[in-house]
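Using the sequences plus the hints, can you model the full thing?
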Amino acid sequence: MPFLGEFSALATAALWATSSFLIASVAAKVGSVQANIGRMFVSLVFFLIAIYVFHLPLDLSAKQFTFLVLSALVGIVFGDTFLFKAFQQVGARVSMLIMSIAPAIAAILAYIFLGETLSWFGIFGILITLLGIAIVVLEKKSTGCDRFGRVTTSGLICAFFGALGQGGGVVLVKVAFLDGPINGIVAAGIRIAAALLLFVPLMVPLKQFHNPLPIVRQGKKIILFLVISSFFGTFLGVTLSQLAVAYAKVGIASTLIATSPVLMLPIARIVFKEDLSWKASGGAFLAVGGVAILFLV
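Going by the UniProt record's numbering, the final residue of the sequence shown carries number 297, and the count climbs one at a time with no gaps.
Hints listed in this document are in silico derivations from the structure and should not be mistaken for laboratory results. For each residue, glycine too, the CB sits at the ideal point set by N, CA and C. Mixed in with the good hints there might be a few duds.
What the hints assert, rightly or not - Label-pair ranges, simulated between beta-carbon atoms:
(1) THR152 to SER119: 34 to 44 Å
(2) ILE223 to GLY289: 34 to 44 Å
(3) MET1 to ASP179: 15 to 25 Å
(4) LEU178 to LEU127: 22 to 32 Å
(5) HIS55 to PHE272: 33 to 43 Å
(6) ILE108 to THR152: 20 to 30 Å
(7) THR153 to PHE285: 27 to 37 Å
(8) ILE228 to GLU274: 20 to 30 Å
(9) MET1 to VAL53: 19 to 29 Å
(10) LEU131 to LEU224: 16 to 26 Å
To be verified - Listed below are the simulated DSBU-like cross-link pairs for lysine-lysine, each with C-alpha atoms no more than 35 Å apart in a straight line:
(11) LYS279 to LYS85
(12) LYS221 to LYS273
(13) LYS85 to LYS221
Here is the structure:
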C-alpha cells in the first residue's frame with residue numbers, strides 16, 4: 001500500500017494528540033510518572049489479549065528481540081526519564097520544544113548507522129514541519145507544569161537527552177524490522193513489556209513511582225480515562241508507530257509522528273473552546289505544508 005508508513009505515522013500523531021488530553025487528566029490526579037506506568041500496564045493487557053485472540057506469531061529472531069528491548073530501554077526508559085526530569089527543571093514548553101528535534105536526531109542516526117538518505121526536498125520538508133511544530137509548542141498556553149519554568153543548563157541537557165533517547169529508540173526499532181517481518185502488535189507489546197520491567201525498578205528508588213492504588217481510588221472517571229488512553233494512545237498508537245518506522249524512512253516517520261502538538265489544536269478549539277492565536281494557527285499551517293512536502297518526496 002502506497003504511503004502506508006506515512007499514513008500510519010499521521011494516525012499515530014492523531015491518536016496521541018487525542019489521548020493526551022485524557023492521560024493529562026489522570027496525571028493531574030496521580031502524577032505523570034504514575035499515570036505513564038499505569039497506562040503502560042493497562043495497554044500491556046490489551047497487547048496480551050490481542051496476541052492471544054488473533055494467534056499472532058511470536059517467532060522473532062534473537063536479534064529482533066534484542067533490538068526491540070534495547071529500543072524500549074533507550075526510547076522509553078532513558079528518554080522518558082530525562083524528559084520527566086526536564087519537565088521538573090525547565091517546564092513543559094521548553095522541554096517539548098527541545099524534544100521536537102528528536103526526528104532530526106533520528107534522521108541523523110539513521111544516516112550514520114543504517115545508511116538511510118533523504119533528498120534535499122525531503123530535508124526541507126522535515127525542517128518546515130519541525131519549525132511549525134516549534135512555533136505551536138512555544139505558543140501553547142502555560143500549564144501547571146510550567147511553574148518550573150526557569151531555564152537551567154542541566155534542564156536543557158536533560159531535555160536534549162530525552163530527545164536523543166526518543167530518536168535512538170526509533171532507529172533501534174528500524175533495525176529490528178530490517179532483520180525480517182514482525183507483526184506490529186507483537187513488536188509494540190514487547191517494547192511496552194520491556195519498558196515496564198525496566199522502568200518501574202528505576203522509578204521506585206527515585207521515589208517517582210509508588211503504590212498503584214491511588215489511580216484506582218480516583219474513581220470511575222479517571223479509571224475510564226486511563227483505559228481509553230491506554231487503548232487508543234498506547235495500544236493502537238504505539239502499534240501504528242511501529243508500522244510507520246517499518247514502512248517509511250526514519251526521519252520522515254519521526255517527523256510525522258511529532259506533529260501531535262499541531263493536531264491537538266483543533267481538539268483544544270472544538271472540545272475545550274480555547275482561543276487559538278494567529279501564531280499558533282500559522283505554525284500549524286506551516287507544519288501541514290511540511291507534511292505535504294514529505295508526501296511528495
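Quick rundown of the hints versus the structure:
Under the hint 34 to 44 Å, the C-beta atoms of THR152 and SER119, about 39 Å apart, fit the expected range. The hinted window of 34 to 44 Å between ILE223 and GLY289 holds, with their beta carbons roughly 40 Å apart. Our hint of 15 to 25 Å for MET1 and ASP179 holds, since their Cβ atoms are close to 22 Å apart. Range check, LEU178 to LEU127: Cβ separation about 26 Å, and the 22 to 32 Å hint holds.
The given range of 33 to 43 Å is respected by HIS55 and PHE272, whose C-beta atoms sit roughly 42 Å from each other. Checked against the hint of 20 to 30 Å, the pair ILE108 and THR152 passes, with Cβ atoms roughly 26 Å apart. As the Cβ distance of THR153 to PHE285 is approximately 34 Å, the hint placing it in 27 to 37 Å holds. Between ILE228 and GLU274, the C-beta spacing of about 21 Å keeps the proposed range 20 to 30 Å intact.
The given range of 19 to 29 Å is respected by MET1 and VAL53, whose C-beta atoms sit roughly 24 Å from each other. The hinted window of 16 to 26 Å between LEU131 and LEU224 is violated, with their beta carbons roughly 37 Å apart. With a CA separation close to 28 Å, the supplied pair LYS279 and LYS85 stays within the 35 Å bound. Distance hint between LYS221 and LYS273 is fulfilled; the C-alpha atoms sit about 21 Å from each other, no more than 35 Å.
Taking the CA atoms of LYS85 and LYS221, the gap is near 28 Å; set against the 35 Å cutoff, the hint holds.
The structure fails hint 10 only (numbered hints given earlier).
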